[in-house]
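Chain order of the listed sequences is A and B. Under my numbering, think of the first position of the first sequence as 1, with each following residue one higher. Under my numbering, think of the first position of the second sequence as 164, with each following residue one higher.
Think of the hints as simulated: they come from the structure by calculation, not from any bench. Watch out, some of these pointers could steer you wrong.
Estimated spans, in silico, between C-beta atoms of each pair [said to hold, decoys possible]: (1) B:I434 - A:E70: 31 to 37 angstroms; (2) A:G12 - B:E204: 35 to 41 angstroms; (3) A:E16 - B:P318: 41 to 47 angstroms.
List time: in silico DSSO-like cross-link candidates among lysine-lysine, alpha-carbon distance up to 30 angstroms [unchecked claim]: (4) A:K2 - B:K177; (5) A:K72 - B:K373; (6) A:K72 - A:K3; (7) B:K250 - A:K130; (8) A:K130 - B:K373; (9) B:K374 - B:K251; (10) B:K250 - B:K336; (11) B:K400 - A:K3; (12) A:K129 - B:K335; (13) A:K157 - A:K130; (14) B:K430 - B:K316; (15) A:K3 - A:K13; (16) A:K2 - B:K373; (17) B:K430 - B:K336; (18) B:K250 - A:K72; (19) B:K373 - A:K3; (20) B:K400 - B:K373; (21) A:K130 - A:K162.
Just so it is clear, CB atoms sit at the ideal spot from N, CA and C, and this is done for glycine as well.
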Amino acid sequence: MKKQLVTCTINGKVRENYIDPRASLSDLLRGEEHLHSIKHGCDVGECGACTVVIDGETYNSCIYMAIWAEGKNITTLEGLSTLDGTISDIQQAFIDEGAIQCGFCTPGFIMSSLPIIESDEEFTRDEIKKQVSGNFCRCTGYDTIVTAIEKTHNKRKAERAKK
Amino acid sequence: MYDFNNIYQPKTVKEALEMKKAHPDALLLAGGSDILIQCREGRLAGRDVISIYTLDELRGICMEDDGTILIRPLTSFSHITNNPIIKKYIPTLGDAVDQIGGPQIRNIGTIGGNICNGVTSADSATTLKTYDAILEIASVDGIRILPYADFSKGPGRVDLREGEMLTGIRIKKDSYENTFGKYIKYSMRRAMDIATLGCSVNVRLTEDKKKVDRVRIAFGVAGPVPLRALSAEESLKGQLISEELLEAASQAVMADVNPRNSWRASKDFRIQLIKELTRRALRSSIEQAGGEF
Ligand SMILES: Cc1cc2nc3c(=O)[nH]c(=O)nc-3n(C[C@H](O)[C@H](O)[C@H](O)COP(=O)(O)OP(=O)(O)OC[C@H]3O[C@@H](n4cnc5c(N)ncnc54)[C@H](O)[C@@H]3O)c2cc1C
Ligand code: FES
Ligand code: FES
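Working from the sequences, and respecting the hints, build out all of it.
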């Protein structure tokens, strides 16, 4: 099909891409934008390895049409670290807690955790589990992942309270 | 890349209906959490689709002048759960759709898609049945109003005619006022799994809170389509609140259901679930309404 212009904000920058209207957002982000944190896992919405945040909500980019991204504000894992490659606290927490083994699921889990770590509300471990229940990990057994999110949430809340 | 033939992109509902008329075989693509999966599986490969996901006029929830709650079909599950009107008047619906898939699915999946796919396991279907939802269905020729009770045509089939699209779901004040309800989804996993059985109940008690004034019961996966337990509802009307009432309800619903064997569960297990979930959902609804056992 004839390519179509899609303009959206990706990790804070306005980006223009000409894409086939039948492409998925994961095709656009990984294929055109070379954001390789986006994994093609299951490609059918089951595993969460392609999770991104669009206008504050988490979505599986494999089952989101690229044309729907017009005018949207999209964040991928790459948007969390600084330009010189310094990683964010949540990424560091995953390393410190042993919440990464093969690492395939990690970007998705971290994106799914954003609504929690950016919130001032309290979350129980069960609520954290619910928030990442659309993400599969074949290696870790999940407990360390929940701990990494819990600790980062507490840390950020304390930091915000100080300001 | 999705293996569609063509993807039409209307900018308004009017345009979408014109496209649907011009291309009757094209599938309406809402959140896509059914269609895009079936396309990946090859089942819908080569089809034409009309993307309606970006039509914001079909999104949102409001209360009309007479107290009717209007849910537009593209409203996502998470927006339903978090909506103040739903929280206040029909929390059972918000609760039911909060048990669908995982967070990402609840952000993309739409309530319109959930009932238009016609599957018996759809988690919003039973609660919409118990609240006597009324559908607004549009085509270029105008609008047709249809009780949701008459929408199912069989497994995966609904009463959407050529060129038609669902544009509204309404729940009348008389239907939700002073009701308390509970949806229980039984599934093998707590998340990312479809229901082995779903049961939605709501009750309205008499003023003294001693008797059932009205009760409504619906099931998913207890038959080929989501269904209401109408004969059971009738038999429970006016009954005194008691443990025996729960037992009577769990027996009465058996006349209304038609469960079967599937790879997920045997017929016998489903019968067990129908009885047990009826007891539990009815007990919870009555207790929320202030009734005592
Ligand atoms: C990983 C995963 C987990 C899931 N878990 C659950 C679950 O636990 N419970 C559950 O009930 N479902 C579940 N689903 C199924 C799906 O998310 C829901 O059925 C959802 O409501 C579909 O809505 P949609 O808008 O995303 O679908 P779409 O694929 O866009 O549409 C579904 C069907 O409805 C039609 N349609 C959509 N909108 C309209 C309209 N306005 N007018 C006319 N026809 C229309 C489409 O043509 C299509 O046939 C799951 C799906 C996935 C991928
Ligand atoms: S790759 Fe998107 S959910 Fe699995
Ligand atoms: S670390 Fe391997 S899948 Fe999660």
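So, going through the hints one by one against the coordinates:
Separated by about 50 angstroms at the C-beta atoms, I434 of chain B and E70 of chain A break the suggested range of 31 to 37 angstroms. Judged by the Cβ atoms, the range 35 to 41 angstroms given for G12 of chain A and E204 of chain B holds: they are separated by roughly 36 angstroms. Between E16 of chain A and P318 of chain B the Cβ separation comes to about 45 angstroms, which falls inside the hinted range of 41 to 47 angstroms. Note on K2 of chain A and K177 of chain B: the hinted pairing holds, with a Cα-Cα distance of about 24 angstroms set against a maximum of 30 angstroms.
Using a Cα cut-off of 30 angstroms, the hinted pair K72 of chain A and K373 of chain B is violated, with the two alpha carbons roughly 53 angstroms apart. Taken as a hint, the K72 of chain A and K3 of chain A pair is honoured in the structure, with Cα atoms around 19 angstroms apart against an allowance of 30 angstroms. Proposed proximity of K250 of chain B and K130 of chain A is supported: the alpha carbons are some 20 angstroms apart, at most 30 angstroms. Only pairs whose Cα atoms come within 30 angstroms are accepted, and K130 of chain A paired with K373 of chain B is rejected, the gap being roughly 38 angstroms.
The straight-line distance between the Cα atoms of K374 of chain B and K251 of chain B is roughly 24 angstroms, inside the 30 angstroms bound, and the hint therefore holds. Between K250 of chain B and K336 of chain B, the direct Cα distance comes to roughly 15 angstroms. Compliance with the 30 angstroms bound is thereby established for this hinted pair. The suggested pairing of K400 of chain B with K3 of chain A is violated, with an alpha-carbon distance near 61 angstroms, which exceeds 30 angstroms. Note on K129 of chain A and K335 of chain B: the hinted pairing is violated, with a Cα-Cα distance of about 36 angstroms set against a maximum of 30 angstroms.
Of the supplied pair hints, the one linking K157 of chain A and K130 of chain A holds, its CA atoms being roughly 20 angstroms apart against a limit of 30 angstroms. Between the alpha carbons of K430 of chain B and K316 of chain B the distance comes to roughly 22 angstroms, so the proposed pair stays at or under 30 angstroms and holds. Taking the CA atoms of K3 of chain A and K13 of chain A, the gap is near 22 angstroms; set against the 30 angstroms cutoff, the hint holds. The hinted pair formed by K2 of chain A and K373 of chain B fails the criterion: a straight-line CA distance of about 67 angstroms is larger than 30 angstroms.
Restraint check: the Cα-Cα separation between K430 of chain B and K336 of chain B comes to about 37 angstroms, which exceeds 30 angstroms; the hinted pair is violated. For a cut-off of 30 angstroms, the pair hint linking K250 of chain B to K72 of chain A stands: about 28 angstroms separates their Cα positions. As the CA atoms of K373 of chain B and K3 of chain A are separated by approximately 66 angstroms, the hinted pair breaks the 30 angstroms bound. Distance restraint check for K400 of chain B and K373 of chain B: the Cα-Cα separation of roughly 12 angstroms lies within the 30 angstroms cut-off, and the hinted pair is therefore satisfied.
Distance restraint check for K130 of chain A and K162 of chain A: the Cα-Cα separation of roughly 29 angstroms lies within the 30 angstroms cut-off, and the hinted pair is therefore satisfied.
Of the numbered hints listed earlier, those contradicted by the structure are 1, 5, 8, 11, 12, 16, 17, 19.
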